[in-house]
Amino acid sequence: MSSPLATAFEHHTWATLQLIDACRKLPAEALDTPVPGAFGSLLETLRHYINSDSFYLGIIDGGANRQESARRLGLDGLARHAEATGRGWRAFLQRPDLDPDANQHEVDPRDGYTRDAPLGIRLAQALHHGYEHREQCCLALAALGYQSPDLSGWAFGAATGLVEEVGPG
Amino acid sequence: MPRPLAEDPFELHAWAIAGLLDACEGLSAEQLAFAAPGAFGTVMDTLRHLVEGDRFQLWAAGAGVPLTDASSMGSEQLRQVAAENAAAWRGYIPAHPDGDERVVDIDDSGWKRTATVGLRLAQALQHGIEHRTQVCTAMTLLGLETPDLSGWGYGVQRGVVSEVLPQ
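Taken in order, these protein sequences are the chains called U and A.
Just so you know, the working numbering puts 79 at position 54 of the first sequence, and the rest follows in order with no gaps.
Just so you know, the working numbering puts 186 at position 138 of the second sequence, and the rest follows in order with no gaps.
Simulated from the structure, these hints should not be mistaken for laboratory data.
It is possible that part of the hints are untrue.
[Stated by the list, open to error] Heads up, simulated EDC-like pairs for lysine to aspartate or glutamate below, C-alpha to C-alpha not over 20 Å straight-line: (1) A:K160 - U:E189; (2) U:K50 - U:D124; (3) A:K160 - U:E190.
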């Protein structure tokens, strides 16, 4: 028996790696092109959300999987970063009796900013943030004239055997 | 016994769909007919698909709700279906605590799909955020302010997240 949310985080990591693979096929200038309506260029968006994902995990698991900043990494480094964060999510979500109402306090040592939020909201935000920026990247790929990868749950299920489909007849 | 971990992501999901429908309430017919490049379709079609698709995910997951055709629905009907979807997720999640549980759905044509509960929840969350992001991108391209549909926005509104900014 596993937490249903564990699959969502596996999907989250898988989708990021698929997106990075799709970006590997692009010319370098496409990665740096600002896209109207998006967070920024593809590379900026990837760096932002992959870095944030490890930051979110670090608050939640107390820094057990702390990594360097992803803000200057290229695609290979971003893939390694995302894989490491994914391993961290997997380890965390295997802990028994996780309480979504347990408050977690964070303090930014640079400026003293503080946030109190329960675990359930932090997990919801981590998924939301990743899915949101991946979709922005997919829209950016389309705006730049490239095919975007299928990052759906069904595609993840087909790749991992979590879904089986049988046609009529 | 703690609440299921999946509850908050689905409460955020429902809150964000309702918030997006609210934010689109005042859009003009021209704005609702605008489509961001690469998006599902126009803003209005994407809102309809978002709500109808969420209902499909619930139906396929075995939540005991009927499928719905939202293709010609207006905002009030979409809001009503979205509220029904939210209530159905609220009942489904505590009743299905095992992410490895396999659920079978068979559509009218005889297409049979077997998938774990964990995968079905991941797909539902992904589908919701994907299409909400498409609408928000369209709003940005139209020069409109987009609603804060993040987990932080949800948590602050629910009163469970507090922030203290630097002096």
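Worksheet entry | Satisfaction of hint between E189 (chain U) and K160 (chain A), Cα-Cα up to 20 Å | Between K160 (chain A) and E189 (chain U) the Cα gap is close to 8 Å, so the pair holds against 20 Å.
Item to complete: Assess, step by step, whether the Cα of K50 (chain U) is no farther than 20 Å from the Cα of D124 (chain U), and give holds or violated.
Response: violated, 42 Å
Practice prompt. Assess, step by step, whether the Cα of K160 (chain A) is no farther than 20 Å from the Cα of E190 (chain U), and give holds or violated.
Written response: holds, 6 Å
Going down the numbered hints, you'll see the structure goes against just number 2.
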